[in-house]
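Protein chains: 2
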Amino acid sequence: MKPTIPQGTRDFNADVVRKRSYIFNTIRNVFELYGFQPLETPAMENIDTLMGKYGEEGDKLIFKILNNGLDNAAKVEKAKAGFENVLQGKTSKDITERALRYDLTIPFARYVAMNHHQLPMPFKRYQMQPVWRADRPQKGRYREFYQCDADVVGSYSLLNELDLINIYISVFQQLKIDIELRINNRKILAALADTCGGADKMIDITIAIDKLDKIGIDKVKEELKSRGLNEEQISRIESFLNINGTNEEKLQQLKTLFAENEIGIKGIEELTYLITHSQQPDVKKALVLDLTLARGLNYYTGTIFEVKAQNVQIGSIGGGGRYDDLTGLFGVPNVPGVGISFGVDRIYDVMSELHLFPADVAAGTKVLFFNLGDTEVQKAMELAQQLRAHGIACEVYHENTKFDKQFKYAEKKTIPYVAILGSKELEQGVVNIKNLSSGDQTQVPFGELVHFSFN
Amino acid sequence: MKPTIPQGTRDFNADVVRKRSYIFNTIRNVFELYGFQPLETPAMENIDTLMGKYGEEGDKLIFKILNNGLDNAAKVEKAKAGFENVLQGKTSKDITERALRYDLTIPFARYVAMNHHQLPMPFKRYQMQPVWRADRPQKGRYREFYQCDADVVGSYSLLNELDLINIYISVFQQLKIDIELRINNRKILAALADTCGGADKMIDITIAIDKLDKIGIDKVKEELKSRGLNEEQISRIESFLNINGTNEEKLQQLKTLFAENEIGIKGIEELTYLITHSQQPDVKKALVLDLTLARGLNYYTGTIFEVKAQNVQIGSIGGGGRYDDLTGLFGVPNVPGVGISFGVDRIYDVMSELHLFPADVAAGTKVLFFNLGDTEVQKAMELAQQLRAHGIACEVYHENTKFDKQFKYAEKKTIPYVAILGSKELEQGVVNIKNLSSGDQTQVPFGELVHFSFN
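If you read the protein sequences in the order shown, they are chains W and U.
Start counting the first sequence at 1; every next residue gets the next number (my numbering).
Start counting the second sequence at 456; every next residue gets the next number (my numbering).
Think of the hints as simulated: they come from the structure by calculation, not from any bench.
These numbers were taken from a predicted model, which means no experiment stands behind them.
One or more of the hints may lead you astray.
A partial selection of chain U residues facing chain W, derived with a Cβ cut-off under 7 Å [to be verified]:
hint	residue
1	460
2	492
3	506
4	521
5	526
6	527
7	850
Just so you know, even glycine gets a beta-carbon here, dropped at the ideal spot from N, CA and C.
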């Protein structure tokens, strides 16, 4: 039998694991510097926790786990009835009681709802774990992928948004990815809807303008028309979409447009606060007020974020926003929050394409000791232990075989140094260190090996 | 709806994540020092990859994933037929094509079988990922838990065993856990079987003597009798179990016992090599030749290991051994190997019970800046950024509220320092740093804050 792995899943080899770890560690360190704390939740959740939270389409994409023990004679009738439900597109706890995590937000909400009495509030958590979706696999879309989220819940303060802005800037600076951090506020979009046909048009309008980048203004206008907006409303939306200039100039134009709309004024206030408090050069340079930014998820109610990598063709590599009610669905009302996420797979692709990974990020073994016989290898093992005690990763080749084969092993593992210790060297108390990229060879006495500079 | 999590699964809060990370990082660093490379495989495998690999009981404990789209009209009849199979305890790909990883060994074998042409041989990999088992949950036994394995495949050399011994010693030394590293060799047990009724008694004998610790010699003898061994054979096994003394003395007695048994002589040779090459004081002290050690898994063929923590009542915290054939089941024969694993949950329990975690292992935010008003907070945000640039984790309290509430937040998050910056301090260009455990308060000029020693 020739084995395969499930469609849409991946094995990560050492090189990839190390590069991914570099991204995760960079993000983790920044989260920690801002007082965010790690959380890990189980891969599986009770099926009730997940179903109904992601819309009808989402429900279908959740991986459900088959109950064990269905062949138990006492349960067969129930199982049969349950399976009839499954065949009708419903779920049945007689068939499946558990499902795999579909995102990190709902498990986080479930955790907060279960523990909110003990948690310090505001509660700042980050979480980096895989999620699973039964999406049709395609380029860049997987059935198992990591999400990487930070949220603050239990606070309405805009200081949180400032922290999250700084986190984005700091992470991408460290990863050396040039970004545009797009920002908008759902209250502005609500005000626009308010002045263009009422709040019930909010979703129609945001869906249409979210497509501006992809389909252009004319198609957006067509779509708005087909969604029942009249000429005057469409023209007002067009003038909104035409707002331009610096962030400050845009704010000025917004103030005119929504001079008398209460929710609009509130949204402008919030944006103004964030923009005026983001004056450090690195932040100012990246932060762009993008009034067409809408973000798909409808639970956002205030600030929304999206991160675009510059100099590369790729979708957004991060996003997030403020929501009013994280845990209401789990019986705990009034928990507002704001969060961001990092698209680690895309960040990986950007860094690969632009060659941004540090040269030594995937480094493994530094030194391979050749195996030139039983007596020699004993000394090699001893020296290897000394190097390891100094933090230098090394290996002793497993068998006494041809030089050629040992060299090939070093090459295949891209080990930069080999240490040659034959009977002559053993007698003289030295080891020959060969730098495989330069070809340089240096004779080093045993006692000085730990001070040799393996760069 | 009051949410819960599935039986046998756990949320890990910040304190636990950090302590677990400390264990994982310690082990990972040591693996890397010995040239082992990370591998990550998907949570789900094709069902054929897993089924039939863990015995009949194991098959039942594998979590299977329900196929999506069973309500597709075109597939309903097949699904019904498939479900009939499930009700009879069989699997059906019309119902489930995928299952959750049950251990790390089979996915590793699958990976090696798929990639053996490209891999450097010997291939040394480590893997630290969760696995899932539908076991009945009980104290210390979970349905989701991490395994942490290192294996070398493609080599018969005992140098690998020496490396693995050193890895065990080094990891537990760093974790400050006092251990006994028990070692034995399956060839010795095979020789014993050979001289006590033939190879077909091997399993009976190893199962019985594996219980020696728990049930005592008399019960073991009873069990051997009930398994069909005669007086003479039982008496020979008893004299084997009575072998005692230092490792060297035990080897001597073994040599007498198996003087003429070929496989026994080979096993003694291997053990002798490992013991004579483990003379560094730390290794020598921990390494114990335990002739009753059998290890459950029947695929071991040479060296076997088990790690027992001293000064604490708990099962083994690690184990492993040598096997002849990792990938034969996947169509790639002749891949021998040797591996070890760490029982991270139990290691965590040992370290908690013996208070072995370093005091600062769960440290998060170092400094909380109090929020004393809009103007003050701007300066606080700026100073916090300076501290973060120096690697000091800090937070600015999210709202201007009573001192008491801000202190409580610091306490709840066990933040050791608060920074107080009111209008007076702002005027004077200083900040008051209060050490919450000692009560000491120090006035620090803005420009010197990054040099303050937050210990």
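How the hints compare with the structure:
Interface hint status for residue 460 of chain U: upheld, as the beta-carbon distance to the closest one in chain W is roughly 6 Å, under 7 Å. For residue 492 of chain U, the interface hint holds, the least distance from its beta-carbon to any beta-carbon of chain W being 4 Å, beneath 7 Å. Interface restraint check for residue 506 of chain U: the shortest CB-CB distance to chain W comes to about 11 Å, outside 7 Å, so the restraint is violated. Below 7 Å, beta-carbon pairs count as interface contacts, and residue 521 of chain U has one with chain W at about 4 Å; its hint therefore holds.
A distance limit of 7 Å between C-beta atoms decides the matter here; for residue 526 of chain U the minimum to chain W is near 4 Å, and the interface restraint holds. Because the closest C-beta pair between residue 527 of chain U and chain W is about 9 Å apart, greater than 7 Å, the hint is violated. A hinted interface residue such as residue 850 of chain U counts as satisfied when its beta carbon comes closer than 7 Å to some beta carbon of chain W; here the least separation is about 4 Å, so the hint holds.
Figure legend: structure checked against the earlier numbered hints; hints not met, in rising order: 3, 6.
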